[in-house]
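Visitor: Here are the chains, one letter per residue:
2 protein chains.
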Amino acid sequence: MSFVNRQLLLKSRPEGLVRQDNFELHEQATTELAEGQALVRVLYLSMDPTNRVWMSDIPQYMPPVAIGEVMRGLGLGRVVASRSAQYAVGDLVQGLVGWQDYAVVDEKRAKDWVKLPPNPPVPLPTLLGACGFSGLTAYYGLTEIAPVQPGETLVVSAAAGSVGSIAGQIGKLRGARVVGIAGGPDKCRHLIDDLGFDAAVDYKADDWKQALAAATPDGVHVNFENVGGPVMRAVLSRMVNGGRVALCGLIANYTSGAKPADDYSVIIVKRLTVRGFLAFDYRDSQRAVQDLIGWVREGRIKAGETIEDGLENAPLVLNRLFEGSNTGKLVLRVAEDA
Amino acid sequence: MSFVNRQLLLKSRPEGLVRQDNFELHEQATTELAEGQALVRVLYLSMDPTNRVWMSDIPQYMPPVAIGEVMRGLGLGRVVASRSAQYAVGDLVQGLVGWQDYAVVDEKRAKDWVKLPPNPPVPLPTLLGACGFSGLTAYYGLTEIAPVQPGETLVVSAAAGSVGSIAGQIGKLRGARVVGIAGGPDKCRHLIDDLGFDAAVDYKADDWKQALAAATPDGVHVNFENVGGPVMRAVLSRMVNGGRVALCGLIANYTSGAKPADDYSVIIVKRLTVRGFLAFDYRDSQRAVQDLIGWVREGRIKAGETIEDGLENAPLVLNRLFEGSNTGKLVLRVAEDA
Chain A
207 MSFVNRQLLL KSRPEGLVRQ DNFELHEQAT TELAEGQALV RVLYLSMDPT NRVWMSDIPQ
267 YMPPVAIGEV MRGLGLGRVV ASRSAQYAVG DLVQGLVGWQ DYAVVDEKRA KDWVKLPPNP
327 PVPLPTLLGA CGFSGLTAYY GLTEIAPVQP GETLVVSAAA GSVGSIAGQI GKLRGARVVG
387 IAGGPDKCRH LIDDLGFDAA VDYKADDWKQ ALAAATPDGV HVNFENVGGP VMRAVLSRMV
447 NGGRVALCGL IANYTSGAKP ADDYSVIIVK RLTVRGFLAF DYRDSQRAVQ DLIGWVREGR
507 IKAGETIEDG LENAPLVLNR LFEGSNTGKL VLRVAEDA
Chain B
207 MSFVNRQLLL KSRPEGLVRQ DNFELHEQAT TELAEGQALV RVLYLSMDPT NRVWMSDIPQ
267 YMPPVAIGEV MRGLGLGRVV ASRSAQYAVG DLVQGLVGWQ DYAVVDEKRA KDWVKLPPNP
327 PVPLPTLLGA CGFSGLTAYY GLTEIAPVQP GETLVVSAAA GSVGSIAGQI GKLRGARVVG
387 IAGGPDKCRH LIDDLGFDAA VDYKADDWKQ ALAAATPDGV HVNFENVGGP VMRAVLSRMV
447 NGGRVALCGL IANYTSGAKP ADDYSVIIVK RLTVRGFLAF DYRDSQRAVQ DLIGWVREGR
507 IKAGETIEDG LENAPLVLNR LFEGSNTGKL VLRVAEDA
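Chain order of the listed sequences is A and B.
Heads up, the first sequence is in the working numbering, so the first residue is 207 and it goes up one at a time.
Heads up, the second sequence is in the working numbering, so the first residue is 207 and it goes up one at a time.
I should point out that these hints are in silico values taken from the structure, not numbers from a laboratory.
Being a predicted model, the structure only gives us computed values, none of them experimental.
Check each hint, because a few of them may be wrong.
Copies of the same chain look alike in the list, so a pair counts if it works inside one copy or between any two.
Unchecked claim - In the DSSO-like style, the derived pairs of lysine-lysine whose C-alpha atoms are separated by at most 27 Å in a straight line are:
id	residue 1	residue 2
1	Lys317	Lys465
2	Lys378	Lys314
3	Lys378	Lys321
4	Lys415	Lys465
5	Lys465	Lys410
Bound-form chain A, shown alone (with noise of 0.2 Å):
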């Protein structure tokens, strides 16, 4: 059985924006199986950053994408033919789809693939959400790598996105004074009324680097940050010594083109902690992923999620991250779940 699969190749790399014709639609049939493998139709792609990243060929965690191959994205979707005894048809499972109709897991690199059950607790884009990746790097950001205790401020920036609001709400279950940086008195107004953070700062006011300091009376003591930049500069000024950073992301910098103008400094003259971190190095966790899930069916979490449609869509829906035109996990389903 063969299936027509539509597949997102990088044409070249862009230069700040993602441009449609930096990618090509290409369509090939699916080949046939090898003994091990399961062939499975994507049903959502996770829109990521991360993702911006991949099309630069600049040092990174992962090698870039080469021009000519399927865009490299996260993604899940159900197993349709096998021969593997390990992946069924009708199982869900998540990992590295890449930006196509259909892709192939294989036994002998099951350590990439997460096998999820069947029926979830939470709707699907909630697990490449909340509950996914998301979920896991607000997690580990705010407990392992800078734990926020009860009394603290936590000042998270990128707030109303994936991983920010995700990392906000962690923030108040454990206690904190939760101040949210985010563009916009729409998206300020639902951290507030939606996800109960303390304050919440429209770094496209004029005035914000007063807000900032109106919101943090007490100093920072735990910066959790995606974006970098001037907005980052703006709360290391504002940290006390002793203080930790959680980086996420530098978000700022990925589609400028500038040469990052950072400063050490401040990180000798307030005596700061800054750790990097990825949540690519987390993907075994049990533990959180359940502690997730647990949070957002009692309601203790929201989970938000901004859904597109096609596949072809791709390239132009990763430009909201950036032009920051997203609430929440965004996410392009690709298919219906039969």
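Chain A is already provided as a structure; the job is to place chain B on it using the hints.
Guide: Below, chain B without anything else, positioned relative to chain A:
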């Protein structure tokens, strides 16, 4: 009893290297001691990169020295007159004596001063270097901030300097492979032949980046960083995933006048932990000082000093730190110990 007190007052803020005319040598008589005070004859001044930072009106861990004030500086001296039961004539004290002949200590600020034994077990300049703040900085950097383990590779920048030379030797005591970065073949030979480093990289040589790579075949586990700029970038590019950085100084930035162009992304890509710290935070440590004195006396650590003479020369002597023309601790002798 009154003494002529020569003081170096900050007249203008230097750009780049310090000029003699940024200072004014001012003479005035010492004033009458109040109850609880003692007068200290300054014997030695510690010449430190932080002196240069204090001259600039930039964010830092203490306020900058104000124009017209006596230049701030660490040093030690002997009590020559006293109206305090805590400080007897002949006592040796260490603290922020300032760039002057005589300093006043006060019981009310006793915590700002360290009383040393009248007949210390190591020479006085060593009490400012290997067994003083320089040694403490190295000690805490490699035991608390970024503890280096046996078999790991430690890279120390400014390795022939006061802090770096001790850091490298402590790394050896802890069983690490130690690579030092220093300027010029003489310093590099000194690191290997005299101080027992495993390898040395001359950053003034054309092929220094290749030399660094060759000296760190297993990557870099711990970076004791004193320099910043291109040297630090090269070391970070060699770090293993999960590596640790004890961020002690960024001397490359202190006199350049250019805006820092550091890049935080490597911290994420390599999941680094970067911790800033200051020796001043450890000034109460008796155990560390005893350890350091013991190691120096047993010959397990070689304490080296470059000693210059004359209070009036302090501004230009300080520049030697930035020109890289000193080895070991740079100390200014203000007066002979009677």
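Visitor: Each hint should be assessed against the structure and marked as holding or not.
Guide: Now for the hints, and whether the structure bears them out:
| no. | hint | in the structure |
| --- | --- | --- |
| 1 | Lys317 / Lys465 | neither (36 Å within a copy, 45 Å between copies) |
| 2 | Lys378 / Lys314 | neither (41 Å within a copy, 43 Å between copies) |
| 3 | Lys378 / Lys321 | neither (31 Å within a copy, 47 Å between copies) |
| 4 | Lys415 / Lys465 | both (23 Å within a copy, 21 Å between copies) |
| 5 | Lys465 / Lys410 | both (22 Å within a copy, 25 Å between copies) |
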